[in-house]
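Novice: Go ahead and model the full structure; you've got the sequences and the hints to work with.
In order, the protein sequences belong to chains A and B. Position 73 (the first sequence) corresponds to 73 in this note's numbering; numbering is contiguous. Here this note's numbering runs 464 ahead of the position in the second sequence, where the first position is 1.
A portion of the hints provided could be inaccurate.
What the hints assert, rightly or not - Under the rule of at most 30 Å between Cα atoms (straight-line distance), these lysine-lysine pairs were calculated in the DSBU-like manner:
#1 10/A with 622/B
#2 10/A with 161/A
#3 622/B with 161/A
#4 250/A with 10/A
Said to hold, decoys possible - Computed, partial: chain B to chain A, Cβ under 7 Å:
#5 487
#6 491
#7 495
#8 539
#9 615
#10 623
#11 627
#12 632
#13 640
#14 645
#15 661
Stated by the list, open to error - Pulled a few chain A residues facing chain B out of the computed Cβ check, cut under 8 Å:
#16 13
#17 81
#18 92
#19 116
#20 126
#21 127
#22 150
#23 243
#24 260
#25 377
Honestly, the hints are just simulated from the structure, not real lab data. Keep in mind that this is a model prediction, so the values were computed, not measured. Glycine residues also receive a C-beta, built at the ideal position from the N, C-alpha and C atoms.
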Amino acid sequence: MAPPLTLFDKIWNAHAILTGEDGTALLWIDRHLVHEGSFHAFDMIAHDGRQVRRPDLTFGAADHYVPSHPGPIADSEAAGLVRGIEANAARHGFDLMGPGDARQGIVHVVGPEQGITLPGLTLVCGDSHTSTHGAFGALAFGIGASEVAHVLATQTLWQRKPRALRVRVDGALGPHVAAKDLILAVIAAIGASGAVGHVIEYAGPAIRALSMEARMTVCNMSIEAGGRAGMIAPDEATFAYVEGRSRAPKGADFEAAIIAWRRLPSDAEAVFDREVALDGSAVAPTVTWGNTLDTALPVTARVPDPNTAADAATGARIAAQLAYMGLAPNTALDGIAVDRVFIGSCTNGRIEDLRAAATVLRGRRAVLPGLVVAGSVPVKREAEAEGLDRVFTDAGLRWGEPGCSMCTGMNGDTVAPGERCASTSNRNFVGRQGPGSRTHLMSPAMAAATAVAGAITDVRRFGP
Amino acid sequence: MTPFTVLRAPAVILDRANVDTDQIIPARFLRKPRGGGYNQFLFHDVRDAEPGFPLAATDNPPILIAGANFGCGSSREGAVYALADAGVRCVIAPSFGDIFAANAAKNGVLTIALPPGDIAALIEAVGRGAELTVDLPLERVRPDNGAAIGFAIDAFRKTCLIDGLDDIGLTLAHADAIAAFEAGDRAARGWAVPDTP
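Specialist: Printed below as a string of structure tokens:
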């Protein structure tokens, strides 16, 4: 009898063209997503006189450098990068969802939206948040520029097989507790490097109950625990999301795909290298206070005191983060005054995220400046059709054009030095949103509540 | 890429955990072309904020001893370009961000993961003025007048580093296997071909 396999094993085995003695495999890559920041890789293959082997499996988007205000890109270097991806798309003949395209948006939003992302595929991109696509039961991970060049030229990648970690979440999430709160709680539990060298499979009833958008939020932040990838087994919700999308299989191909996809979930007896379990019903609205993702705490908690840390090194680390964040030891998270709010990113820039923020903001005024950026043009259009844009602008927030925006600040949307930002993005690192920026990560509903209160606040105060 | 075999050199110590690639090179410099002297961006904002920060834009010791989870976060290969352009050829730490470690190998920079106890011994030796000899073929690192410490590295990554190989060229030596897989896969998984709208 064949040994029981994990979802990850099944996809890995189906894509290993050959495997060396040390376990390093040459993997076939089904989908390659590129963006305007992938220019180093295109320069590398141009330098070597190489072509894109499979332009039909290569998809481009402009996201990191596009402005959130309408009109052309003011910065000449950024504009040059966008012209560069346009020129490479024309030269190599791949589909680019660039400026002016009705499909344009963040690469991790447009992939699923256009049906480019499917269960059972290998998918890579020169961006660490490629783990997002694992929400469909794909093996998806971020790579650097040299590996992007390798995939462009060969449609393959050499990889040492990571270990498998299953994160099981039992119970049900409480009211106003979102996928963002759940993944922040997971990272706090396993640590910012807790999944290094591992592919995470998220399982259990609380995961199964999540929408596809929420599953993408969870898988997106796998990299913030150091995970090579994050995956969720495909099910009826996955198939329903995929069906009918532009690049997804149709008719008999779709029927054949469903048969193949139903065989993907991990076998009941499959063995994982590590297992972690969490109680989903115990997760509260969660906020980060420091500059690593493992500083996530329930909003009802206080920031730590370096003097009561387990050891001197931990105390020093806490003290340095408190100093950067401008926080005194033992400060209650609930009530920390904030300067600005950002709602968007590949983590929380999808329609459900905007609906969650709008639910809190409807009929209320924000007392802070804030920017709301849809993850793609289709998300923006859908939000506008539902009147969400008016909810945001009536509350006093700015409604921007789709892209990565203030998550990385590469397009000029930055948080000023010393400013404190409540952000639905994925990283709270030193200087992430601009030099000297102070980031508190939270869910869209929590960010909206913070915009209204002017300080970090528990969204559960805002009604049922 | 420059081959890596044996390196005897002084080391610089950055004893802090979770040094992310946003710190190693801030996002606003990633738009620069590869020829742009990435060393000037190395820890750009951290160096501004912390006088006496152990790494500089130039003249760094070729070996960096760092804290756990070094190079976590973003996949930006610019983090490796900045280190390499600033003279760093080898980084020793308890653990690394996976993408950073892969990027390093592609640029001739060796990453060595060692248990914290071994790292402490190396830091102690460097503190008394010892240089380190990193021997990739023998998979060991030894401080002057100290005991050798073994390390592990994937055979494939090791070969590429020692030979300074362009691994696209190496992969294309398997062109027949790739083409055979491609043809078989196309027949078996018609659904995996993107639909044309």
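Novice: Now, for every hint given, state plainly whether the structure supports it.
Specialist: Outcome of the hint check:
1. Between the alpha carbons of residue 10/A and residue 622/B the distance comes to roughly 28 Å, so the proposed pair stays at or under 30 Å and holds.
2. With a CA separation close to 12 Å, the supplied pair residue 10/A and residue 161/A stays within the 30 Å bound.
3. Pair hint residue 622/B plus residue 161/A holds up; C-alpha atoms about 16 Å apart against a cutoff of 30 Å.
4. For the hint linking residue 250/A to residue 10/A, the alpha-carbon distance of about 24 Å falls within 30 Å, and the restraint holds.
5. The beta carbon of residue 487/B is positioned within 7 Å of a beta carbon in chain A (closest approach about 6 Å), and the interface hint is therefore held.
6. Because the smallest distance between the Cβ of residue 491/B and any Cβ of chain A comes to about 5 Å, under 7 Å, the interface hint for this residue holds.
7. Hint status for residue 495/B: holds, given a least beta-carbon distance of 5 Å to chain A, under 7 Å.
8. At about 4 Å, the closest approach between the beta carbon of residue 539/B and any beta carbon in chain A falls short of 7 Å, and the interface hint on this residue holds.
9. For residue 615/B, the interface hint is violated, since its Cβ never comes within 7 Å of a Cβ in chain A; the closest pair sits about 15 Å apart.
10. With a least beta-carbon distance of about 10 Å to chain A, the hint placing residue 623/B at the interface is violated under the 7 Å criterion.
11. At about 14 Å, the closest approach between the beta carbon of residue 627/B and any beta carbon in chain A exceeds 7 Å, and the interface hint on this residue is violated.
12. The interface hint given for residue 632/B holds, since its Cβ lies 5 Å from the closest Cβ of chain A, which is under the 7 Å cut-off.
13. A distance limit of 7 Å between C-beta atoms decides the matter here; for residue 640/B the minimum to chain A is near 11 Å, and the interface restraint is violated.
14. Against a cut-off of 7 Å between C-beta atoms, the interface hint on residue 645/B holds, since the closest Cβ of chain A lies about 5 Å away.
15. Restraint check, residue 661/B versus chain A: the minimum CB separation of about 5 Å is within 7 Å; hint holds.
16. Using the Cβ-Cβ criterion of 8 Å, the hint placing residue 13/A at the interface with chain B is not satisfied: the shortest such distance is roughly 13 Å.
17. Restraint check, residue 81/A versus chain B: the minimum CB separation of about 6 Å is within 8 Å; hint holds.
18. For residue 92/A, the shortest C-beta to C-beta distance to chain B is roughly 16 Å, which exceeds 8 Å, and the interface hint is violated.
19. The interface hint given for residue 116/A holds, since its Cβ lies 7 Å from the closest Cβ of chain B, which is under the 8 Å cut-off.
20. Given hint, residue 126/A at the interface with chain B, holds; its Cβ is 6 Å from that chain's nearest Cβ, closer than 8 Å.
21. Checking residue 127/A against chain B by beta carbon gives a least distance of about 6 Å; that is within 8 Å, so the hint holds.
22. Below 8 Å, beta-carbon pairs count as interface contacts, and residue 150/A has one with chain B at about 5 Å; its hint therefore holds.
23. The criterion of a C-beta within 8 Å of any C-beta in chain B is not met by residue 243/A, whose closest approach is roughly 12 Å, and the hint is violated.
24. Because the beta carbon of residue 260/A sits about 7 Å from the nearest beta carbon in chain B, less than 8 Å, this interface hint is met.
25. The closest approach between the C-beta of residue 377/A and any C-beta of chain B is roughly 15 Å, which is over the 8 Å cut-off, so the hint fails.
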